[in-house]
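K.L.:
Residue numbers (our numbering), protein chains in the order written: chain S, 29 to 251; chain G, 29 to 251; chain B, 29 to 251; chain D, 29 to 251.
Hints listed in this document are in silico derivations from the structure and should not be mistaken for laboratory results. Be careful, since some hints might not be right.
Given that identical chains are not distinguished, each listed pair holds provided it fits within a single copy or across any two copies.
Below, computed lysine to any residue pairings styled on SDA-like, alpha-carbon distance capped at 20 Å [to be verified]:
| # | residue 1 | residue 2 |
| --- | --- | --- |
| 1 | 69 | 240 |
| 2 | 100 | 89 |
| 3 | 231 | 107 |
| 4 | 37 | 228 |
| 5 | 247 | 64 |
| 6 | 93 | 70 |
What you are looking at is a predicted structure, and each value in this text was computed from that prediction instead of being measured.
Protein chains: 4
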Amino acid sequence: MTATDTTNKLSVLFLNCTLKQSPATSNTDAFIAVASNIFNKLDVATETIRVVDHHVSFGNTSDEKGEDEWPKILERIYACDMLIIATPIWRGDRSSVAKMVVERMDGIMSEGNDENGQYPTFNKVAGIMVDGNEDGAKKASASIMLDLSEQGFTLPVNAFTYYVGKAGPGPSYIEAGGDKHFFTNNMTLLMVHNMLHLAKNLKVNPYRTDVTALKKVAKQMSE
Amino acid sequence: MTATDTTNKLSVLFLNCTLKQSPATSNTDAFIAVASNIFNKLDVATETIRVVDHHVSFGNTSDEKGEDEWPKILERIYACDMLIIATPIWRGDRSSVAKMVVERMDGIMSEGNDENGQYPTFNKVAGIMVDGNEDGAKKASASIMLDLSEQGFTLPVNAFTYYVGKAGPGPSYIEAGGDKHFFTNNMTLLMVHNMLHLAKNLKVNPYRTDVTALKKVAKQMSE
Amino acid sequence: MTATDTTNKLSVLFLNCTLKQSPATSNTDAFIAVASNIFNKLDVATETIRVVDHHVSFGNTSDEKGEDEWPKILERIYACDMLIIATPIWRGDRSSVAKMVVERMDGIMSEGNDENGQYPTFNKVAGIMVDGNEDGAKKASASIMLDLSEQGFTLPVNAFTYYVGKAGPGPSYIEAGGDKHFFTNNMTLLMVHNMLHLAKNLKVNPYRTDVTALKKVAKQMSE
Amino acid sequence: MTATDTTNKLSVLFLNCTLKQSPATSNTDAFIAVASNIFNKLDVATETIRVVDHHVSFGNTSDEKGEDEWPKILERIYACDMLIIATPIWRGDRSSVAKMVVERMDGIMSEGNDENGQYPTFNKVAGIMVDGNEDGAKKASASIMLDLSEQGFTLPVNAFTYYVGKAGPGPSYIEAGGDKHFFTNNMTLLMVHNMLHLAKNLKVNPYRTDVTALKKVAKQMSE
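Given the sequences, and given the hints that come with them, work out the whole structure.
P.N.:
Printed below as a string of structure tokens:
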């Protein structure tokens with residue numbers, strides 16, 4: 029990155045997929061704050077959207093019309109350089125809100141550009157944050173990684189970080205002092221630094237994959 | 029990449045995680061051949077290891093001693109620029125052999141270098157190929173993506189490709205003409221081209237993440 | 029079952045977890061119709077609730093207050109002998125609506141009776157139906173099975189049935205003629221017959237597990 | 029159950045799916061011991077097989093010939109009334125050994141009896157035990173539940189129990205005092221008591237499902 033970077037600050041968008049509307053306390057929000065601070069120190073602009081504070085309709089297109097506020101969120105996704113899906117664990121899996129988000133993100137794959145068919149997310153980097161009082165972080169992370177990879181994002185080394193406690197009911201991130209849990213902080217630092225490196229890399233040297241041309245090759249191969 | 033690339037050809041290693049030893053027909057092998065051909069045309073050196081043809085011990089270290097032949101395979105992983113885990117689907121999930129492979133790859137995370145603690149896999153790119161007669165490809169892919177990301181690999185846009193048929197018993201990849209299935213070929217082409225772009229990127233501009241230093245920062249954050 | 033059973037017809041409740049509100053065509057609805065017909069022929073009363081046609085709030089209690097219509101649905105769950113969660117596949121997994129449903133069902137576990145602490149769902153039998161144009165049925169089914177088992181339901185042999193087509197975009201259940209797919213119909217028949225046997229069994233001979241007493245034993249074991 | 033039960037004691041078989049051969053310490057074994065004790069007090073005969081102590085070949089039939097010792101294990105599965113798959117967590121998922129076991133159990137579905145086509149496992153009840161130092165128990169349990177349900181087993185209320193610790197490396201079951209963890213002990217007690225109830229139920233009133241006849245019905249439905 030050159031000196032001009034200071035005027036073109038990189039940005040990260042966090043989608044908080046808690047089930048609880050503001051102003052209820054969100055453990056996921058507290059977890060996001062830790063990563064956000066690290067990004068800020070690295071001169072990255074940060075933004076957080078708490079998805080349930082907006083009316084997002086169930087569906088799998090970029091605009092479900094009516095009261096749907098997803099288009100506003102999608103605009104922010106298109107504006108960022110890095111995206112982090114942050115979800116609490118419920119029933120050992122990502123939240124229904126996090127699932128709803130990736131369903132809506134399927135619309136992205138229909139928006140390839142005219143030049144080479146790349147979706148608007150090509151050259152953006154993604155990460156995943158999962159917090160719960162117990163078990164489920166890797167299942168949630170894995171599912172989200174697959175979705176983001178197919179939807180146009182690149183995933184760095186250690187693309188995820190999580191906090192979970194012992195089996196059964198117990199304190200969640202804030203009460204458990206998750207912000208002082210070494211393993212989790214280490215994962216978060218690795219994720220942030222690796223995301224940033226990759227985002228800079230793709231800024232300088234973006235994918236040249238011609239999605240439209242490859243579709244034609246695939247057709248020829250399949251005859 | 030510069031002209032010197034011709035002498036430093038990039039390489040991809042496929043780990044075929046079929047349950048069946050040679051010389052039994054492997055559908056996964058036929059699927060690998062398609063991706064391998066695409067890589068070859070892009071001037072990438074290819075190598076395939078059929079894991080069950082070697083004695084790999086159950087365990088989670090880089091060398092389980094005794095008859096264990098994993099160290100030979102690990103050496104090939106360390107030698108490649110790109111790694112593809114290719115697995116058949118059994119019971120709607122990756123094969124036990126594919127699971128055994130990622131368990132053994134946990135040893136990688138103990139082998140950080142002296143300079144910055146990066147594992148030997150940092151700056152390598154990974155992909156996933158899954159074939160089955162039916163259902164299970166995304167579950168298998170997602171689980172493997174998480175493993176590879178934590179174990180030091182970077183995952184490009186569309187890091188996976190798969191073939192599956194209709195619900196229930198039915199023809200597998202070869203018999204079903206999977207090599208003529210447009211969707212699958214398109215996914216394979218995207219995966220290969222994106223992997224290659226990212227591998228070149230990381231060759232020119234490798235991660236600078238100081239894993240050892242971040243560990244210290246994580247400790248300070250956690251006090 | 030005795031002669032009095034004719035006046036105490038067994039009942040099954042289907043929760044259709046499509047993303048689409050009525051009157052949009054729901055493939056999941058067409059799939060449910062097949063199972064419903066089989067149940068009817070076996071003299072079982074059937075009822076279907078299309079969850080998105082009701083305002084269900086995100087949350088994990090039995091009543092999230094305000095506009096929440098979950099309590100009405102929960103009432104129907106408590107009234108049935110057998111419950112079937114039917115979900116379409118999106119992103120290789122159960123729908124966000126299906127996830128929202130099991131999150132809300134967590135409230136059930138707080139409603140143990142005074143006598144022995146059993147939840148209101150003890151002695152009810154559950155099944156799962158999944159339809160998609162491709163891959164994801166087993167992942168969706170497995171996740172739902174775990175949830176239902178913990179939330180008080182018993183799962184018979186072959187507790188699930190599904191329809192999926194080949195890898196990639198393609199016709200869904202209705203267009204694909206899923207109602208004529210032998211494997212799927214066979215799975216559906218097995219599920220229905222086994223659910224019914226088990227429901228009758230538990231009617232005659234319900235669980236005697238004293239949940240409250242076992243909690244005390246667990247405490248003693250853990251001292 | 030009648031007085032004759034004393035001569036027809038019910039039995040449970042545990043399959044320990046640790047990666048480590050005897051005599052290495054197995055946390056999973058220590059966890060099994062807790063459930064085994066509870067079963068013994070309820071007058072149930074118990075047996076444990078540590079799978080890796082036997083040569084089990086990769087495959088998906090009941091006899092892979094050669095050195096394969098799976099047939100001996102399958103014989104014990106057929107002899108038991110209740111089966112528990114017990115697996116450690118590696119990479120947030122069931123062990124490769126546990127995956128290998130369910131792959132081999134696919135052979136069961138080809139062994140329907142002459143009378144009604146029921147597999148030898150019909151009327152057996154199953155449970156799942158998962159232990160790890162951290163995250164992964166529900167993912168592992170869910171996958172195994174689906175497999176066992178399709179392979180002929182019935183799953184009671186709360187068919188699984190698990191122990192996991194906080195995110196990251198940490199003490200496993202034995203060192204962490206998992207045998208004193210209230211939540212886990214409570215889950216284990218519930219699983220055991222519910223399994224036993226269901227096993228007795230199915231002894232007295234076994235499934236009458238005519239698998240062979242339903243196959244014919246499915247064919248007619250699919251024409």
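K.L.:
Could you tell me which of the hints above the structure violates, numbers in ascending order?
P.N.:
6
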